[in-house]
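*Asks:* Letter by letter, the chains look like this.
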Amino acid sequence: MTGAWLLRRLVASVAIIFAVVTFVFILIHAAPGKPCGGQSENVDPAVCDQLNRQFGLDRPIPEQYWRYIVALSHGNLGYSASLRRPVAEAIVETIPFTLQLAGAALLLDFLLGLGLGIYQAGRVNRLPDVIIGNATLFIYSLPTFWLALLLLLIFGEKLGWFPVGGASDPVLCAVVDSVYCLKDRIWHLVLPAATLGLVGAAGTARFQRAAMLDVATQDYVRTARAKGLPERRVVLRHQLRNALLSFITRFGLAFPFLLTGAVLIETIFAWPGMGRLAFDAILTRDYSLVTATALVASTMVVGGNLLADILLGLADPRLRVRAGADVEALTA
Amino acid sequence: MTLGTWFALFIALVAAAEFVRALRRRAIRQERWRRFFRHRTTTWGLGILAFLIIVALAAPLIAPFDPNRQLDIVHLKNQAPSWTFLFGTDVLSRDVWSRTVYGARVSLGIGALGALLAVSLGTLVGALAGYYQRWVDAVLMRGVDVGLALPRIFILLMAVALWDGLPFAALVLAIGLTSWFGTSRLVRSEVLSLRQRDFVVAARALGAGSGRVIFRHVLPNAAAPIIVSAALGVGNVLLLEASLSFLGIGIKPPDPTWGNMIADNASSIYTAAWSTLFPGLAISLVVMSLNAVADGVRDALDPRADAP
Amino acid sequence: MLRRFHLTPIIVLAVAALAGCERRGGCTGPYCGTLIDAAVAEPPTLLPPSTENIVANDIGEQLFLKLADVGMSTNTVGDEDFQPLLAQKWEWDGPLTLVFHLDPRARWQDGQRVTAADVEFTFDAYTDSTVGSPFRPKLHRIASVTQRDSLTAVFRFKEKYPEMFYDAVYHMRILPAHLLRAVPRDQWTTAAFGRQPVGDGPYRFVRWQAAQSIELVADSTFFLGRPGIRRLIWRITPDLQVAVQQVIAGEADIREQLVTPDNVARARAAGLSLYPFRGSVYTLLDFNLRASDDTTKPHPIFADRTLRRALSMAVDRASLVKSALGDLGKVPPGPMSELLGIWDPDIRQVPYDSALAARILNGQGWRDHDGDGIRDKDGQPLAFHILVPTSSVLRRQYARLLQEQFRAIGVHVEIDELEPSVVSQRVATGKFDTAILSRQNDPSPSSGIAQSWTRAGFGGSNFGRYYSADFEQLVDRAVTATSRDQARALWRRAMETLNADAPGIFLYSLQNVGAVHKRVENVQFRPDSWAALLRTWRIPPEKMIDRDRVER
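Chains as they are written, first to last, in this note's numbering: chain H, 1 to 332; chain P, 333 to 640; chain S, 641 to 1192.
Read the hints as simulated data drawn from the structure, not as lab findings. Cβ atoms here follow ideal geometry from the backbone N, Cα and C, with glycine treated the same way. Warning: the hint list may mix true and false statements.
[Unchecked claim] The calculated label-pair distances, taken between Cβ atoms and stated as ranges, are: (1) R908/S / R474/P: 38 to 44 Å; (2) L72/H / D789/S: 53 to 59 Å; (3) R8/H / A535/P: 27 to 33 Å; (4) A88/H / R474/P: 23 to 29 Å; (5) R53/H / N1002/S: 19 to 25 Å; (6) W161/H / A347/P: 47 to 53 Å.
[To be verified] Here are the simulated SDA-like pairs of lysine to any residue, each with C-alpha atoms no more than 20 Å apart in a straight line: (7) K158/H / A605/P; (8) K584/P / A889/S; (9) K158/H / K1158/S; (10) K800/S / L779/S; (11) K183/H / V171/H; (12) K1158/S / G160/H; (13) K962/S / L408/P; (14) K584/P / E1044/S; (15) K584/P / D1056/S; (16) K1158/S / Q787/S; (17) K158/H / L408/P; (18) K158/H / A889/S; (19) K584/P / S1032/S; (20) K1158/S / K183/H; (21) K584/P / G669/S; (22) K158/H / T770/S; (23) K183/H / D1056/S.
With the hints as constraints, model all of the structure from the sequences given.
*Replies:* Take a look at the structure:
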């Protein structure tokens, strides 16, 4: 990985984030519906006018855009009209929750999916493979909110194993400051992460199985077998590493969804993450909050992708830096 | 369900079975078809898909009730399945079976068209990026990155706000235009690895133009992941439509889609599970059948079996 | 061998740590208890004049006192049924002057005494247009509020009318002048005080975890009596179903509105105590009497009174309520909820008679000339749009029910389900045909009715721009009527006049059912504000559960 490559990627990343923010800015301002009077239906129009003037919403859009960029360059993310607090504060508070949910879901996705995929590939077309294959397909085809409501009913209400929504025990653990509260947070995390993770794991399992079967017939595996190496080792070393690589690639695709697309899950489980924040902001036309969320989310995504590509480069020697322009094409 | 509708349903079943049988007869003569039908699940998948499509097309004959008629909002609300109401009634006393049958039209339509749009666009962009590399690749992939970094729900919500309630075409377009990014990356990586292979090099050495190389040599060999992507894509579109309906975005009422049936009856999940169960099962059925068929197609197109 | 020997204690320790060394508190006695309310919305601010948000009001009830408050009867006429709060006693000093004597025991949480200067300051803030309080229009009949001395506040009115006392005490929560005087008036909606309020009520603010919970703790020295429940927590759960589930699962204690019959059945089956109380919300299908693209022109359909009446007759409101709400709703006899004292099922309304409706439409020339099932006249189909916000499941259900009701008499309806902010904007600017709106009533009809159905509400909440000179005259007389009976009779006539004009179809008034954990005793739900009497609830020591005992 040359420094030049890294620099190019960083510049490209900044350009992407900039493009995303601009696109979202234009789109949210173009959408009908004004921010004021959004929640209640009885707001004095004079108050709305005053608020609009206060937030500079009566200026033409290009001017608003320019002011926004200038403010951004000073690190000022603006003020949220719907939450009545600085945008930065509101977003920063949701980031740990979002990362916890995304992280737990990805972990479950990876471990379970990989495990199932390998297990299946080892018993191709026999009964366990068929059963698991159909089960994963079935889970993959369920609407997430339906699964969420079902899990809540069974494990939350009926069995009482896990809490019914929320991120923590409001009485004892409004702040996570002890081991007990850590356990409490994890317990609250289980159901929402399971909903997201199960569906993800089903997809990963299918993918892994296909990938591993593909690899199994490839030359280097046959060579290894011909050389008399033990089957186990062949599987574990080559196929596992390729599985990891493809998972890292897929992670790049899944990350944006987990950040802001998990709105339904966050709403149903009352999980205070960025998805819900962004969604409510769009509904109430809270311009600064919408663009700021897009900014933060796209930064995390782009950063995550960059990290993934670096990891890929490290892990797979075939993708590593070689002289020539193929490099960027391969790792970009 | 009346005698007439039962009969129509029976005919649909028979027609689907005959269709599959006709295709299997081909398998006797052609190698490709034989590979296609190698697994039993493919046959079943094909049959179920054919059945669902026939049912969708023949909906007026198979559905005993007008799908939007509220039969009796006080007395026939949330009725359990019975001989009259095969799948029961929903919260507005509409026949769930009729709505599921008619809903197949819209859902399959949205699913097919949305996935088609997404996969076509994704394949095109991915193939171009993977084949031409250098700056074409760089520009296209940056665009894909922007698309991927943008949360889909954002775009869809705001796109919806610009229309006043989505007509069918707009929904398909919106879903298709926001779902192709993943496919493009997939296709790109396939094309990247394929373009070094012997047969591609040979084709180019023989003077074949880029377009010909891409479409006749590279893409068919990359077909497997594209097809899997398309099959899963339909399922994704159907599920996305359900989630959007849950958020209040979707086909205008009262027209049924499987997705908006689930969403509208989500509050009755604990007391009248059938109104969400059957459309949900329908979606699952479509996803599973498509997958089985996709597996079959992939086997049929397996280049390794063709290669010397 | 050695490795295994050392591993075990580590595992044991880890398990023990994770098994949860719960902080088992030691609160005993009758003043313990933690109640969690499963709230479905988060307030934007806790500064009372800056928001009408319901949860903000519920929390405000615990933090800030009014001078006096309505009793369980919610009677707003005169002053006999009012309970003293901040004001210990009051008297009339002439027909237009009301004098309040504050309770000298009242204290702000920072120790300062509550004085008449606070009352004067509060009135000034509530009526300041820069603050832009939604309560401002309700105070327009009060001329001034001044302090005679530190414990005496004097209210002067512009005119005499039966609800003078109600207007003086109900709308304002007294604010601490010494803490808010320095905050610029145009920044009140975003003031930091709104996120860390300091009040004089039975409870003190503890913390607000954004998007998660708001916590209050009891003030044991509260001068009107120590609250029975030590800690109150509002837990924010946006999905109503999940909020109900939390109460059923015992993770929350209160759900003040169950909304659907299914939820009521589930709550009952789970052993929760149910408390029905008159609802303060009613929902209507509002007709826009002006053209949707130009408010100066009449609407092609809804400007015609006969057409409006015919369309109203075509809707079987009773069946709709039965289907969607079961026992939890009633058909309102006008634009009112059951909370209002003027509720009277005998008020004359447009009857349900679809045959008559069809005949009227035929008579007006609306017939199905082209056989497509939709009536038309001069080539134009009888069709319109219903606007409904996506945020309300119940209203969306109603939109579908109405669509079918209209289809049965040959009227084509399209449903526009849009986000709440878009609906608000369209409705405020008159860009709609009809819209399904929900209105929250105060215990008195005086302010709400005027705002929504008279010319004073044009550009405000009279979205459909209904105007009737007769109606306005009757309302004026009703509001200033000297006796309660006279007022009732006048309101009845006014409602009948409005009903006859059919400016909308009044769909349902919600009957609320609240669910509370069965260990809580002395539960009272005041219909206009369920949380007003929270401080009187009790948990007997023998029924305490774990979270009641926690001491922090």
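*Asks:* Going through the earlier hints one by one, which of them does the structure break, listed in rising order?
*Replies:* 1, 5, 8, 16, 17, 20, 21, 22 and 23
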